[in-house]
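Student: With chain Z fixed as given, assemble chain V onto it according to the hints.
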Amino acid sequence: MFELLSENLDDFTAGLWVTTRLVVASFVVALVLGTLAAALRVAPSKWLNRAGAVYVEVFRDTPLLVLLFISYPGLRRSGVEIGAWTAGIAALGVYTSAYVAEVLRSGVFAVAKGQGEAGLSLGFTQGDVLRRIVLPQAARTVIGPLGSITIAMIKNSAIVGASIVALPDLLKEARIVNSNTFQTEESFFWAAVGYLLLTVTVTVFFRGLETRYAVRR
Amino acid sequence: MSFEWVWTENNLQFLAEAFLINFEIALISMVLALALALPLALLSISPVAPVRLAAKTWVDIFRNLPLILMILFLALQLPDSLKAGWQDNAPTWLPEALRSQFVLAGIGGLVLYNSAVLAEVFRAGILSLDRGQREAAAALGLRYREQMRLVVLPQGLRRMVPATVSQLITLNKDTTLVSIIAIQEVVRSGRILAGTAGNPFAGGSAVEAPILSVMIVIGLMFVVVNFALSRISRRLEIQQGRRTATTEEAPPVAEPAPA
Chain Z
1 MFELLSENLD DFTAGLWVTT RLVVASFVVA LVLGTLAAAL RVAPSKWLNR AGAVYVEVFR
61 DTPLLVLLFI SYPGLRRSGV EIGAWTAGIA ALGVYTSAYV AEVLRSGVFA VAKGQGEAGL
121 SLGFTQGDVL RRIVLPQAAR TVIGPLGSIT IAMIKNSAIV GASIVALPDL LKEARIVNSN
181 TFQTEESFFW AAVGYLLLTV TVTVFFRGLE TRYAVRR
Chain V
218 MSFEWVWTEN NLQFLAEAFL INFEIALISM VLALALALPL ALLSISPVAP VRLAAKTWVD
278 IFRNLPLILM ILFLALQLPD SLKAGWQDNA PTWLPEALRS QFVLAGIGGL VLYNSAVLAE
338 VFRAGILSLD RGQREAAAAL GLRYREQMRL VVLPQGLRRM VPATVSQLIT LNKDTTLVSI
398 IAIQEVVRSG RILAGTAGNP FAGGSAVEAP ILSVMIVIGL MFVVVNFALS RISRRLEIQQ
458 GRRTATTEEA PPVAEPAPA
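Those protein sequence lines, which keep their order, are chains Z and V.
Residues in the first sequence are numbered consecutively from 1, following this note's numbering.
Residues in the second sequence are numbered consecutively from 218, following this note's numbering.
The following block holds chain Z by itself, in its conformation from the complex:
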């Protein structure tokens, strides 16, 4: 068991590194797009609200695997020269952004209404109220949910490697090791350990953030 790990350590660490980069890059995309979608949902216009709601609903309800088929072979066959990394990050990022948007929106609504009203009556502009009063408080309540989204993302990243996009991530490398050694149980075991390592790290990280910044309501 440990023999398999030590003999193929390079493959496993390379896979772990690809998974890590994929998750970090997609998380940034998800955060940016999610924030934009959440902004649409709380904007003072009914049409913008609707556009935000449609965005969230569509990408939350579509399977990630289908998004990957759209972003990679779909676009390539339509003449868009998109690389495997870009396609994988775009699909995982867009998919996750819908969840991020929901979390951010409910975070904004969790801030008591009086906070914003007090800001307005003190003469802050609408934008200032959002930026200086509501968002800083909302940011604290969303730490925990963002943590569970990140964990879901680590798990979902394995779909990118297993799909037609075929990035050499941890699961993919484990499957390569398996096809070289025929030691299925050991190969998958070490891949599972790698994923648990990532999820545990993220859990600890977000728990640390939470104890530091979160407010108990």
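In case anyone wonders, no lab produced these hints; they're calculated from the structure.
Among the hints, a few may not be true.
Calculated lysine to any residue pairs in the SDA-like style (CA-CA distance at most 25 Å, straight line) [stated by the list, open to error]:
1. V:273 x Z:46
2. Z:46 x V:399
3. Z:46 x V:455
4. V:300 x V:399
Stretch-level coverage of chain V by chain Z, calculated; a stretch enters the list once three of its residues show a Cβ under 8 Å from a Cβ in chain Z [what the hints assert, rightly or not]:
5. 275-285
6. 288-298
7. 317-325
8. 393-400
If the Cβ cut is set under 8 Å, some of the chain V residues that face chain Z in the computed set are [to be verified]:
9. 404
10. 436
11. 440
Predicted, not measured: the structure shown is a model, and the values here were computed from it.
Backbone N, C-alpha and C fix where the C-beta goes; we use that ideal spot for every residue, glycine too.
Tutor: What follows is chain V alone, placed relative to chain Z:
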């Protein structure tokens, strides 16, 4: 981007029938996962420490692993006798896709993962119940089993209905993963239609069906079904808020982690 293929021959019907396979896989997996999740949840709040620890470890491991890892592992590792046995002996009234030798691995993975996720939802639902409920039941002289069966579970389980419905949405999407182990559900059928799967028995559509537009149509099918489910889930949540609001302050049951 051309959508002409949608109205050509019976392409749309071909996809719709395959989509039904996904829904069937989701329902079968959901029923089995629910049946497994309840005992898992009860074990993970057991008063016996070793039992509790073992059950919690099991649940925490399997809900934190990628589902596709479990599906691929089972597809490789289930004994051939079992796979062949299913292929040869599966009831003939089942759709052909569900008689594939890999169905056990696909459904097995979905059940393993979702039972762990749902067990955690159940556990949270049970623990969110006011302690006084259990204590009152104990004061009335009920045994542990009776406290659970008559007092705790009927209330706890009801709270988890919305979360369970939203987990069904996730499960629905996850059924597409079995296309990776060659079960002919909607994504695989879509690839056949677009002529990218290289299936010798279905040579693609007479009118060219670009993979981009095929996948967009498949995505919309999921949006329609899952949107309906999320509406139902939301309505149940509101109903529940109303029902429990008067009797006690109900902390909302944790939503299952997004997946």
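Student: If you test the structure against every hint from before, which numbers come out violated?
Tutor: 1, 2, 7
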